[in-house]
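Protein sequence lines correspond, in order, to chains A and B.
According to this note's numbering, the first sequence is numbered sequentially starting from 46.
According to this note's numbering, the second sequence is numbered sequentially starting from -5.
Just so you know, these hints were derived from the structure itself, not from any lab.
Here the structure is a predicted model, which is why all the values come from computation and not from measurement.
Certain hints may be false.
In silico SDA-like cross-links for lysine to any residue, where the CA-CA straight-line distance does not exceed 25 angstroms [said to hold, decoys possible]: (1) B:106 x B:96; (2) B:86 x A:141; (3) B:106 x B:86; (4) B:86 x B:26; (5) B:106 x A:143; (6) B:86 x A:143.
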Amino acid sequence: MTPSLSYYLILSAILFTIGMLGVFTRRNVLIVFMSIELMLNAVNLTFVAFARGLNSLTGQVFVLFVMAVAAAEVAVGLAIIISYYRNRSTVDVDDLSLLKW
Amino acid sequence: MLTFFFFILAALSIWTSLMMITRRNPVHSALFLVLTFCSLAVLYFLLAAPFLGVLQVIVYAGAIMVLFLFVVMLLAAENREQTEADPQPGVKTAGYLVSIVFAATMIWVVAKSPLTGESGGLTVNQMVADNTQRIGMELFSAYLLPFEIISILLLAAMVGAIVLAQRHFGATDTEETAPPLGLDDAPPPLDDELLRSGDRR
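If we strip away everything but chain A, and leave its shape as in the complex, we get (with noise of 0.2 angstroms):
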């Protein structure tokens, strides 16, 4: 017996949403950063679940592509991070507001 398709949605879905609470909650800005790749992962589970309950490979494909997004993604926003801390000394988000209007 194998588990349904909803039952990986539903992982999916609590995976999500422990990444948004992650956003909600933490102050430290990697944590938030965590939480962001915590949530990509959880759309992964969906698409590879997808693909296993309609027999396609396309889904798969779209994981690749999430995977290079990802992975551009934390690489420019870790050296944003980087860049900053040198120049304010914090990682707090509530520090990051120079740019509020």
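Go by the hints and put chain B onto chain A.
Then chain B, alone, in the frame of chain A:
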């Protein structure tokens, strides 16, 4: 049997991700996130995607999380526990509320919608047996243009990350840049006049 494995892995991934967002120390968070990624990789194997499972371990648990750990350790991780205060209570309550509503909505949608679509016409054995070959064929035929665009995006991101993380990006020599990182030699000489003006920018 597969359902049993699924529930173990689901519990593991939920527990590790909850630990990830609750740890005070970012290094612990990063290590718990590695565990989450590994359990997701095993779930990919269960879902007839062995190529993506391996890629998940190599790219996410390997490359991306190592990058994270490097940055966490670079940014003086030892003081982080004391420096992070709780967010404003209103923000936290609103966050919990929005998250609960969101999760309820998602689960409701999953339970209500028929979850059907256009079938790809493959059997599970076909998907697993030459998974990598089939994904490669898809990438270089139907998804050739996105594939090329993603390679350019990666190149641009790489160049951008190098430029952004360079020392003194968009800054003058008078900033106190060396102490937080502790990687370089002596800090650059400080200009008295600029220091007295009190403006670090």
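Find the hints from earlier in the document that the structure breaks and name them by number, from lowest to highest. The structure breaks hints 3, 5; every other hint is satisfied.
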